[in-house]
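*Asks:* What follows is each chain in one-letter form.
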Amino acid sequence: QVQLQQSGPGLVKPSQTVSLTCGISGDSVSSNTVAWHWIRQSPSRGLEWLGWTYYRSKWFHDFAVSLESRITINADTAKNQFSLQLSSVTPDDTAVYYCARGSEFGVLIDDWGQGTLVTVSS
Amino acid sequence: DIQMTQSPSTLSASVGDSVTITCRASQTISSRLAWYQQKPGKAPKILISKASSLESGVPSRFSGSGSGTEFTLTISSLQPDDFATYYCQQYKSYWTFGQGTKVEVK
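Respectively, the protein sequence lines represent chains A and B.
Residue numbering for the first sequence follows the working numbering, beginning at 1 and increasing consecutively.
Residue numbering for the second sequence follows the working numbering, beginning at 1 and increasing consecutively.
Calculated from the structure, these hints are not laboratory results.
Fair warning: there could be bad hints in the mix.
[Said to hold, decoys possible] Derived Cβ-Cβ restraints for the label pairs, each shown as a range:
1) V105(B) / G46(A): 20 to 28 Å
2) S12(B) / P43(A): 19 to 27 Å
3) D76(A) / F83(B): 33 to 41 Å
4) K79(A) / G68(B): 19 to 27 Å
5) R61(B) / Q5(A): 26 to 34 Å
6) S65(B) / R70(A): 16 to 24 Å
7) D76(A) / S18(B): 27 to 35 Å
8) T74(B) / Q114(A): 23 to 31 Å
9) S12(B) / E68(A): 37 to 45 Å
10) S44(A) / E70(B): 41 to 49 Å
11) S44(A) / D17(B): 29 to 37 Å
Note that the Cβ used here is the ideal one computed from N, Cα and C, for glycine as well.
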């Protein structure tokens with residue numbers, strides 16, 4: 001059974017960078033058959049996919065078009081975790097952020113972290 | 001982008017009722033559709049993948065059907081634990097979610 005444990009601050013000031021980490025147990029971040037996603041949820045946007053990373057002999061990343069200038073997703077194989085950085089945040093980025101695993105070669109999002117409420121406020 | 005539209009937004013029902021939620025995709029997604037259940041303060045939990053495949057451990061009163069652009073989730077005999085919000089999600093081209101259907105106590 002895969003478990004995803006999120007960590008990171010819940011309050012960020014406008015224009016700063018949100019940094020969240022997702023620790024993985026029960027699977028490997030560098031597995032060739034899964035992928036690792038970030039998703040957020042807010043009352044105004046609903047559930048919104050942000051981006052993913054996966055390893056297929058080398059690392060790949062892809063992001064939602066609306067965020068691609070501000071988002072970074074990295075994997076840390078030594079710690080078996082992956083992370084999200086979202087820069088230049090505004091109050092509109094206030095949301096619950098989830099990390100998740102995609103099985104079936106990454107496309108089926110089946111296991112989720114517990115969620116982190118990130119509030120952007122001065 | 002593929003848009004997902006669910007109906008209804010809210011559904012009032014009683015324990016034992018059979019309920020159906022509909023999800024429509026803006027373009028064909030074959031059977032690349034999943035259904036999730038979410039309870040307040042919790043992450044979504046996957047119920048069904050490939051439009052109709054029940055995930056391990058999910059009660060058999062949940063069923064999914066459809067392909068192309070029209071899909072349904074049916075709960076055959078609603079149980080107290082089933083009052084929650086349900087989301088469809090397409091994974092044919094990236095990932096997009098419906099806006100959710102809240103199943104509430106009538």
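*Asks:* Taking the beta carbons of D76(A) and F83(B), is their distance inside 33 to 41 Å?
*Replies:* Between D76(A) and F83(B), where Cβ atoms are some 39 Å apart, the hint holds.
*Asks:* Does 19 to 27 Å hold as the CB distance between K79(A) and G68(B), or does it fail?
*Replies:* This hint is violated: roughly 43 Å between Cβ atoms.
*Asks:* Lying within 27 to 35 Å: is that true of the beta-carbon distance D76(A) to S18(B)?
*Replies:* violated, 47 Å
*Asks:* Using the beta carbons of S12(B) and P43(A), state whether their distance is inside 19 to 27 Å or not.
*Replies:* Holds: the Cβ-Cβ distance is about 21 Å, inside 19 to 27 Å.
*Asks:* Has the hinted range 16 to 24 Å been met by the Cβ atoms of S65(B) and R70(A)?
*Replies:* 39 Å Cβ-Cβ, so the 16 to 24 Å window is violated.
*Asks:* CB of S44(A) to CB of E70(B), is that within 41 to 49 Å?
*Replies:* violated, 27 Å
*Asks:* Is 23 to 31 Å a correct range for the gap between the Cβ atoms of T74(B) and Q114(A)?
*Replies:* holds, 29 Å
*Asks:* Check the following: the C-beta atoms of V105(B) and G46(A) are separated by a distance inside 20 to 28 Å.
*Replies:* About 23 Å separates the Cβ atoms of V105(B) and G46(A), which means 20 to 28 Å holds.
*Asks:* Take the C-beta atom of S44(A) and the C-beta atom of D17(B), compute their distance, and say whether it sits inside 29 to 37 Å.
*Replies:* holds, 31 Å
*Asks:* Should the hint that S12(B) and E68(A) are 37 to 45 Å apart at their CB atoms be regarded as holding?
*Replies:* Hint holds: Cβ distance 41 Å, inside 37 to 45 Å.
*Asks:* Go ahead and decide if the range 26 to 34 Å is satisfied by the Cβ distance of R61(B) to Q5(A).
*Replies:* holds, 31 Å
Hints 4, 6, 7 and 10, counting from the list given before, are not met by this structure.
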